[in-house]
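**Student:** Here is how the chains run, residue by residue.
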Amino acid sequence: MGIIKRTLKSAMTIIIMGTVLCAWLSFSIEPSPCFAAQSAPVVEKSSTGDLTAKAWTAHGSNDIEATHKYTQECIDLYKDKAGEEQASLTSLPKNKKEIEAVQALNDVATCYFIQAESLLRQEKIDAAKKILQLIIDKYSFAQSWDARGWFWSIELAAQQTLKKIESGTIEVAVKLRASQLVTKLALFDAGTEDVVNYEKYGEFKGVGTKDYKYIITGQEGLIKAVGEGVYPNNSAVRRNPIFKQVIREKRLEGDVWEFLYSPDLQAAFVKWTTSNEPQGIRLYGTAQILEKAGFISQAIKCYYSIVVHFPGSYGWTYWHTPWYVGQAAIAKINFLLKRNPQLGYKLQGAKIDIINGFDNDISNDVAVTNPGKFIKVDLAQEAAKVKPPVGSVGIKRKVGSGKVYLVQYNNDHWQLMVEDKPYIIKGITYAPTKTGQSPDDGTLRNWMEEDLNKNGKIDGPYDAFVDKNRNNVQDADELFIGDFKLMQDMGVNTIRLYHHPLKINKELLRDMYKTYGIRVILGDFLGKYAIGSGAAWNPGTDYNNPEQKKKMLESVTQMVNEFKDEPYILFWLLGNENVYGYACNADKYPEAYFKFANEAAKIIKSIDPEHPVAISSGDILFLDKFGQNAPDIDIFGTNAYRGEHGFGSFWRQVKEQTGKPAFITEFGCPAYVEGKSIDEAEEFQAQYHLGSWEDIQDNLAFSGGQGNALGAVIFEWLDEWWKAYEPAIHDTKGLWAGPFPDGYMHEEWLGVAGQGDGKESPFLRQLRKAYYIYQRKWR
Amino acid sequence: MKKLCVVLLALSLAVPAITWAEGKAANSKEFVVYLDKNAKDNHYIPSGWIGDYGDIKMIDQSAENPHTGTTSIQFVYSAKKSQGQGWAGVYWQNPASNWGGKKGGFDLTGMTKLTFWARGAKGGEVLQKVIVGMSNKDKTYPDTASVEMGPLELTSTWKQYTVNLAGKDLSYINGGFGWTTTADLNPEGATFYIDDIKFEADPDLKPEGKKQEAMPFYIYVDRSTAGNHFIPSGYMGDFGDIKYNGASKEDAYLGDTCIKIIYSGKAAQGARWAGIFWQNPANNWGSVDAGFDLSLATKLTFWARGAVGGERIEEFKVGGIMGEFSDSDSATIGPVLLNKEWTQYTIDLRGKDMSYIIGGFAWSTNVDNNPEGATFYLDEIKFEK
Chain A
1 MGIIKRTLKS
11 AMTIIIMGTV
21 LCAWLSFSIE
31 PSPCFAAQSA
41 PVVEKSSTGD
51 LTAKAWTAHG
61 SNDIEATHKY
71 TQECIDLYKD
81 KAGEEQASLT
91 SLPKNKKEIE
101 AVQALNDVAT
111 CYFIQAESLL
121 RQEKIDAAKK
131 ILQLIIDKYS
141 FAQSWDARGW
151 FWSIELAAQQ
161 TLKKIESGTI
171 EVAVKLRASQ
181 LVTKLALFDA
191 GTEDVVNYEK
201 YGEFKGVGTK
211 DYKYIITGQE
221 GLIKAVGEGV
231 YPNNSAVRRN
241 PIFKQVIREK
251 RLEGDVWEFL
261 YSPDLQAAFV
271 KWTTSNEPQG
281 IRLYGTAQIL
291 EKAGFISQAI
301 KCYYSIVVHF
311 PGSYGWTYWH
321 TPWYVGQAAI
331 AKINFLLKRN
341 PQLGYKLQGA
351 KIDIINGFDN
361 DISNDVAVTN
371 PGKFIKVDLA
381 QEAAKVKPPV
391 GSVGIKRKVG
401 SGKVYLVQYN
411 NDHWQLMVED
421 KPYIIKGITY
431 APTKTGQSPD
441 DGTLRNWMEE
451 DLNKNGKIDG
461 PYDAFVDKNR
471 NNVQDADELF
481 IGDFKLMQDM
491 GVNTIRLYHH
501 PLKINKELLR
511 DMYKTYGIRV
521 ILGDFLGKYA
531 IGSGAAWNPG
541 TDYNNPEQKK
551 KMLESVTQMV
561 NEFKDEPYIL
571 FWLLGNENVY
581 GYACNADKYP
591 EAYFKFANEA
601 AKIIKSIDPE
611 HPVAISSGDI
621 LFLDKFGQNA
631 PDIDIFGTNA
641 YRGEHGFGSF
651 WRQVKEQTGK
661 PAFITEFGCP
671 AYVEGKSIDE
681 AEEFQAQYHL
691 GSWEDIQDNL
701 AFSGGQGNAL
711 GAVIFEWLDE
721 WWKAYEPAIH
731 DTKGLWAGPF
741 PDGYMHEEWL
751 GVAGQGDGKE
761 SPFLRQLRKA
771 YYIYQRKWR
Chain B
780 MKKLCVVLLA
790 LSLAVPAITW
800 AEGKAANSKE
810 FVVYLDKNAK
820 DNHYIPSGWI
830 GDYGDIKMID
840 QSAENPHTGT
850 TSIQFVYSAK
860 KSQGQGWAGV
870 YWQNPASNWG
880 GKKGGFDLTG
890 MTKLTFWARG
900 AKGGEVLQKV
910 IVGMSNKDKT
920 YPDTASVEMG
930 PLELTSTWKQ
940 YTVNLAGKDL
950 SYINGGFGWT
960 TTADLNPEGA
970 TFYIDDIKFE
980 ADPDLKPEGK
990 KQEAMPFYIY
1000 VDRSTAGNHF
1010 IPSGYMGDFG
1020 DIKYNGASKE
1030 DAYLGDTCIK
1040 IIYSGKAAQG
1050 ARWAGIFWQN
1060 PANNWGSVDA
1070 GFDLSLATKL
1080 TFWARGAVGG
1090 ERIEEFKVGG
1100 IMGEFSDSDS
1110 ATIGPVLLNK
1120 EWTQYTIDLR
1130 GKDMSYIIGG
1140 FAWSTNVDNN
1150 PEGATFYLDE
1160 IKFEK
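So the protein lines, in turn, are chains A and B.
Under our numbering, the residue at position 102 of the first sequence is numbered 102, and the numbers go up by one with no gaps.
Going from the second sequence to our numbering is simple: count from 1 and add 779.
Think of the hints as simulated: they come from the structure by calculation, not from any bench.
Honestly, I wouldn't trust all of these hints.
Below, a list of computed lysine-lysine pairs in the DSS-like style, where the Cα atoms sit at most 30 Å apart [what the hints assert, rightly or not]: (1) B:K916 x A:K250; (2) A:K588 x B:K916; (3) A:K602 x A:K396.
Working from the sequences, and respecting the hints, build out all of it.
**Tutor:** Structure representation (structure tokens):
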């Protein structure tokens, strides 16, 4: 089974919020009519990408001859170039741009991998092993794209396959890349001021403008005031006794980013304070280490030094989208001050806007900065403040005329109203996939229909039980209760679904709504992953193509017509992170995409004026373009994985750029953390959720924040074991780097409920701490 | 062929004498590195050619005006960068070509200085540095000390130079003496002579603490001047994207030349950024105890301009090198958008600990902000009071 899974995973399987699409059709590569019509076609060397895509297709179709033909052609044509690209690297390329710069290496190694898988399928074990070893020996820096949204190391996959051939397991020892010694940090010089009086050491100029600058006039004093690790104090750490010690003991070896998650806090602190990363990034990393070490005041000082000195600094995410460090620093400061009320401060007026900051181009950015001020807060006074009652503000306008509508108050706060009552979206992604099932090998069944124990009830929704003592069996006191009931007890009132490709069981959803009060946000992918547009996977949906647009609108129309009268529909959702591209060109033509989405919204409203329309975007990429081109979409929704501090300036930016209400369509955190116990990892997950939800809560209407938050959809209810490729194994692989407790997304551990050892799947549930956090917050 | 045979014969004769001499360097007041070819007191052989070794010609029996005896060694450095390094040098070793892989060397405990005589063919030739002991800690038989001095601007007449070794651990010295120089310092090449290299015991000589350098202290004045104290040797990131010219005559701010840097932005190594560190000595990322005490400096100033204006340099930096011997501090400015006209920039060093600086200056930029690359010029880089 493992053979097939990898064949499919890279090119054909698509997962969106836990639902899966097999894109066999959309992946077909056929000559377009215009090529066919040419009488004298020019013979060109096929690209590595084309050959690799054809090889995956052939392998997926079990066409051994064609698989060999395409893989060998790619290898013969590009082997030398691949070798050169491998030789030019000294470490694994880290982000999309770097990875795509060595395409020949990636594709040649992938072709070798496909050959090995094909040989395994033919039971030519020795030949397959030779090729897998060759990949390990010669192409260690090659990576392959997974359509789910990340790159995978071909070397690691080869190691795992070899291991599986030899021992039946896939666990390959992960090389630890930073010191794992557990140490405590002691600060040598914490500075003379807890809250630095910057006016004393310099002059703020152009506050609130693009000409903002802090000019230091008393550097010596500022160095003393800020203390160790905080700009511009770079020497105190060098006088700290740990400095020489960590060098002498060679504890600084490894990539600086790996030290963010190292338990060796001394080494991590020295590594980050002296790193050659750009100033803003260096200070952010340093502040994170200080935070981990418990030096909260010093961490806040460090974050704030970014705002004062380097407000426009930036980094790149795994997907090569910009990450603005100054904005993140403000979010961190607010989060830390909220979590540590004993410090008695709040940061007032701090705001950084990046003009042209919603695209992928850094070179056109202009930062507009107001560093704000730390204000002493009297906790008793704050608690005594009385918030104005909702009714006293008055309604500015109502959007929609059905039983679900939106209201905007005179203070510009928004609420979603259902049957005339405010409705906070307390949503979760629900896909109770049985362990061992995988879309990669065609074994995935429709959870809305599955009844494995033949009791006439759908398994997950009605027959799940809680393994309270976590002994992985159903004890006498562990009765069937069902996920719907468990979710209701948790406080869930909404799930998110797409009307394709799985058939929706209307009766099931009607009962979910009627008995458990859970509604559905129903979506159409709007051409993402080439779904609904009729386009081939490569190049994917084209939002300028009239034919494809027509097909997508037909898909949307069909959805609305079929479900508009279902009682559980909360509202309609368009797309899923289309702005990131991948088998669609919304990343290249965001205006065309949003205009088209707006067209779809208008059609929806002409058919069904009863429910609002939302979009599901990718963080804030092209947010400005959404604001300018989609007036008929009522709600801005987005998938955002930003960290335990929540969503930072997201709510303000949506308000300023669109004037619309917003919700989070996906966020979450794995309950697996490298080097930590299960219990500790669950605590990390719970804290991440708590921080995220509290941020949402703070931005609900009349809650002190921006007032435009409508709620969120957690990702996800239950761990899904197929995501990191071996569906019968609870894989701990970190699939992509991000702001998670150990720096990696462990995709198979995102559930607020786990499946234990997997043997009692799809029935057994081990409820994690995050479940109970929500129960407290939502009920 | 005849000449080669003579050389081989000479080497084979020399080896037994040297082998015999191994061990502790007696209680004498001096210990000869090299006097004249075939002198029986010679203890080391100029066998370790490094860098652009193809740029070096050595005539070890030059009779042209020796300092003492009948010959001196003439070196002709062509600066043609035969091996693409931009620098070259020669080590005197024992035994020949021993980089620390085999037992050799001498225990020179008791010696406190090394002296040698040198002159340039014309005067003005610049040696980047001279070295006693090798920096070879990763080898099986590493030297116990490595001490450097330089740069040295030679005169056309013989002059004696002294390397202070007082307080150094000289218990095992395999690289008795060495010199290096660079094409930047000698763009037209250099011809120079060395004679009478020896260790001496001077009990009155005190260990040399790092002296506070007087200000101004230059990183770059002009090409080929001894006033340039750091070497632009630390290429970082996409080093293949950088073309460095330390002798550009395109509208220098002051003097004849300035530095011209072309950054192509092609991400040759896939890093998407690049930069250069000026180091002391060359390529010192903190493994060599060197650098300068620049405590008297309160700022570093430099002039810069972009070829078209608007080029964005992410960071200009002083210090920050990390290693066994780390810089005592670091200071930065940036990002900086360059003007088309020469503009002076200042890095504030007040309150900074400049007592130990290996990395005198650095710049870095990236492809994100310079997608088409960037060409820019630097001049008059100096520490000031």
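**Student:** Compare the structure with each hint and give your call.
**Tutor:** Structure-based check of all given hints:
1. A threshold of 30 Å between alpha carbons decides the hint, and for B:K916 with A:K250 the separation of about 15 Å falls inside it, so the pair holds.
2. Between A:K588 and B:K916 the CA atoms are separated by roughly 53 Å; this puts the pair beyond 30 Å, and the hint is violated.
3. Proposed proximity of A:K602 and A:K396 is supported: the alpha carbons are some 23 Å apart, at most 30 Å.
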